[in-house]
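From first to last, the protein sequence lines are chains A and B. So the number in my numbering is just where the residue sits in the first sequence, counting from 1, plus 4. So the number in my numbering is just where the residue sits in the second sequence, counting from 1, plus 214.
No lab work stands behind these hints: they were computed from the structure. Treat the numbers as computed from the prediction; the structure is a model and nothing was measured. Think of the CB as a built atom: it goes at the ideal place given N, C-alpha and C, for glycine as much as any other residue. Among the hints, erroneous ones may be present.
Unchecked claim - Cβ pair distances, simulated, as ranges:
id, chain 1, residue 1, chain 2, residue 2, range
1, B, ALA369, A, LEU117, 15 to 21 Å
2, B, ALA636, A, LEU13, 52 to 58 Å
3, B, ALA624, A, LEU13, 32 to 38 Å
4, A, TRP15, B, ARG492, 29 to 35 Å
5, B, PRO231, A, LEU18, 43 to 49 Å
6, B, GLY632, A, PRO124, 58 to 64 Å
7, B, SER547, A, LEU13, 17 to 23 Å
8, A, PRO16, B, LYS407, 45 to 51 Å
9, A, PRO32, B, GLY383, 46 to 52 Å
10, A, ALA114, B, ARG525, 32 to 38 Å
11, A, SER33, B, ALA320, 55 to 61 Å
12, A, GLY144, B, PRO264, 49 to 55 Å
13, A, ASP29, B, PRO343, 50 to 56 Å
To be verified - Covered stretches of chain B, going by a simulated chain A footprint (3 or more residues, C-beta under 8 Å):
id, stretch
14, 420 to 428
15, 498 to 506
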Amino acid sequence: MSGSPLQKLLWPRLARGLFSRPLTDPAPSPPPEIAAALAERLEQASQRRLGRSLAIRQVDAGSCNGCELEINALNNVIYDLERFGLRFVASPRHADVLLVTGPVTRNMRAALLRTRACTPEPCWVVAAGDCAVDGGVFKGSYAIEGGVGDALPIDLMIPGCPPTPTQLLEGLLALLEAQQPARAKK
Amino acid sequence: MTPLAIIEAGAPQDCRPHPRFLLTRPAWQALTAALAVEEATDLLSLWAEPGMVHAAFWTAGRLVLASCPAAEGRYPALSPARPGAVRFERMIRDLWGLTATDGIDARPWLDHGRWPAAPPLAARPAPVPYPPPQPEFLAVEGEGVHQIPVGPVHAGIIEPGHFRFHVQGETVARLEVRLGYLHKGTLSLMLGKPARVAARFAGRLSGDATVAHGWAFAMAVEAALGFTPPPRALALRAVMAELERVHNHLNDWGFVCNDAAFAYPHARCGVLREGVLRAAREAFGHRLMMDRVAPGGVTDDLTPAGIAAIRAALGKVAEDVPALRAIYEGHASLQDRVVGTGIVAPSLVARFAAGGPVGRASGRRFDARATPSYAPYAAPRVPVLAAGDVDARVRIRIAELEESLRLIEALLADLPAGEILAPLPQRGGEGVGVTESFRGECLHWVALDDGGLVRAVFPRDPSWLQWPLLEAAIEGNIVADFPLCNKSFNCSYSGVDL
């Protein structure tokens with residue numbers, strides 16, 4: 005046998021890296037009607053400020069943690085959220101998007117509103133998951149507001165129980181598309 | 215008299231398969247006194263319905279339920295004898311308005327003063343005064359002690375809860391957790407609903423354990439009705455439950471490494487876990503397998519294509535785990551963070567009767583699949599360690615995930631044929647269901663009225679008895695190790711906030 009142990013380690017790995025497909029999925033395309041509707045609502049000024057990347061602050065306002073599992077999955081190498089210029093940030097003060105899950109429990113309402121107040125303008129509010137859309141199965145409970153829209157103005161809804169990472173990605177990419185300058189669109 | 219003898223001297227109620235005894239108030243008082251001098255009886259759950267409190271005990275290898283009427287809204291507290299009762303008693307007062315006499319903590323728990331009327335499950339809830347009260351935290355005295363408030367909105371993508379740290383320099387003197395932010399009124403929504411409708415709420419008590427909770431609820435309903443689900447349904451439930459364990463254990467393993475700033479295992483576990491979730495979708499039509507367990511059986515049958523998808527995904531996991539384990543064990547920088555961090559003493563785990571990897575990493579050999587056991591499980595291997603640190607909790611998870619791979623293959627190789635869902639008989643009854651989730655045992659109790667509607671219910675998540683131990687685990691550790699400790703527990707917020 006020839007070659008040092010280092011070479012033995014290195015070559016197979018290099019060959020694998022060169023010839024294997026990446027683990028990351030191809031990008032999904034956002035539904036065009038959602039992108040168009042969002043673009044209409046976005047002002048020129050905010051387009052300039054936000055550019056082609058979005059910082060996202062996730063707020064769990066009462067979810068069962070199913071949505072959190074799928075949102076977390078966006079960060080794995082299969083979905084690789086950051087390749088789109090999308091990333092999760094630790095503070096609402098750094099965020100362009102509030103990604104809110106859950107039916108907004110009465111016990112979380114104040115924290116959600118304060119998080120929104122801490123987020124600089126322009127800010128998108130996305131309601132992710134059936135509960136965030138309209139309360140979902142928890143509709144009618146004494147302990148909930150009934151959906152994110154009942155506590156805050158929202159810009160985008162991503163239904164699903166929970167929405168899959170692909171559905172979440174489509175929704176978030178629609179936000180990015182909506183920010184493209186008008187001339188880039190047909 | 216032993217606690218068990220006192221309980222069994224009560225009036226037997228028709229609860230299946232684990233018996234429930236109705237005690238008089240003096241008998242309940244004698245029970246609390248007996249529990250104070252006897253340590254072998256574990257308190258697993260404490261809950262209520264209007265005018266009555268119920269408790270579940272694990273003693274001498276048996277699950278036994280006891281009840282005490284709460285005349286004039288009061289009942290003798292169990293918390294002086296069992297510290298795990300504290301949060302249950304606070305929850306019972308918040309939801310049903312029943313007060314534990316001589317309880318050791320009377321502060322509100324789930325009730326933050328923001329519901330329109332309280333207590334919400336009492337016969338007559340009353341309007342709540344405004345503004346909501348400020349929460350009170352236990353005091354810490356000493357030179358240079360200061361507080362770090364964290365949450366309810368955290369820096370990561372996790373559930374909301376407030377952590378109040380009292381620290382001296384870098385060292386945590388006391389952590390107190392305040393939960394309840396996720397209270398959705400789940401119990402009130404389950405009441406009066408047919409079992410199959412109420413099952414949707416059991417499946418959303420804690421999304422990551424949706425199969426285990428759905429199964430525990432279905433098991434309770436089926437026990438109440440004296441109904442045995444088809445064998446194929448039981449096997450498919452077990453396949454789903456073990457897939458759930460695999461994907462969650464992979465997730466927790468990766469996240470613990472990530473919280474020690476060691477990203478590779480996190481990335482790799484993420485890939486493997488995604489494969490498992492996609493196989494679950496292929497096999498059962500939903501990545502988390504939500505609403506697939508229904509009282510009466512399961513909703514989705516497994517096709518050969520589904521079996522192939524599961525085998526392919528788990529094959530990759532089996533292939534990668536030894537290498538990942540070698541990386542986990544072989545990096546001094548990572549081991550330095552996890553070994554000896556966040557130790558929970560076996561004596562404390564025993565006092566709180568904490569289950570799951572938290573209990574088994576500190577010497578408590580309890581796994582509901584082994585005892586009390588339930589079909590189709592036959593003596594799964596239950597790994598137990600004594601170190602009680604972050605590392606031990608990770609190693610328990612790795613060993614369990616490998617055991618789950620073995621169990622799933624055994625189940626798939628020998629799937630019974632036949633129907634997967636049978637109609638439930640229309641009658642009343644009372645039953646208990648216990649399943650082992652990736653986090654510990656899920657214990658559901660349900661009472662159905664004669665029309666088959668839910669009259670009373672309590673789904674107990676394993677986190678109830680684990681959260682207080684997290685507070686003990688972090689004591690004397692540095693603040694920077696809190697994320698590691700927290701992730702190694704991975705308690706459910708939603709599961710206990712109800």
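Comparing the hints with the structure gives:
no.: 1; hint: B:ALA369 <-> A:LEU117: 15 to 21 Å; result: 19 Å, holds
no.: 2; hint: B:ALA636 <-> A:LEU13: 52 to 58 Å; result: 57 Å, holds
no.: 3; hint: B:ALA624 <-> A:LEU13: 32 to 38 Å; result: 36 Å, holds
no.: 4; hint: A:TRP15 <-> B:ARG492: 29 to 35 Å; result: 32 Å, holds
no.: 5; hint: B:PRO231 <-> A:LEU18: 43 to 49 Å; result: 60 Å, violated
no.: 6; hint: B:GLY632 <-> A:PRO124: 58 to 64 Å; result: 60 Å, holds
no.: 7; hint: B:SER547 <-> A:LEU13: 17 to 23 Å; result: 21 Å, holds
no.: 8; hint: A:PRO16 <-> B:LYS407: 45 to 51 Å; result: 58 Å, violated
no.: 9; hint: A:PRO32 <-> B:GLY383: 46 to 52 Å; result: 49 Å, holds
no.: 10; hint: A:ALA114 <-> B:ARG525: 32 to 38 Å; result: 49 Å, violated
no.: 11; hint: A:SER33 <-> B:ALA320: 55 to 61 Å; result: 57 Å, holds
no.: 12; hint: A:GLY144 <-> B:PRO264: 49 to 55 Å; result: 20 Å, violated
no.: 13; hint: A:ASP29 <-> B:PRO343: 50 to 56 Å; result: 53 Å, holds
no.: 14; hint: 420 to 428; result: holds (count 4)
no.: 15; hint: 498 to 506; result: holds (count 3)
Comparing the model with each earlier hint shows violations of hints 5, 8, 10, 12; every other hint is respected.
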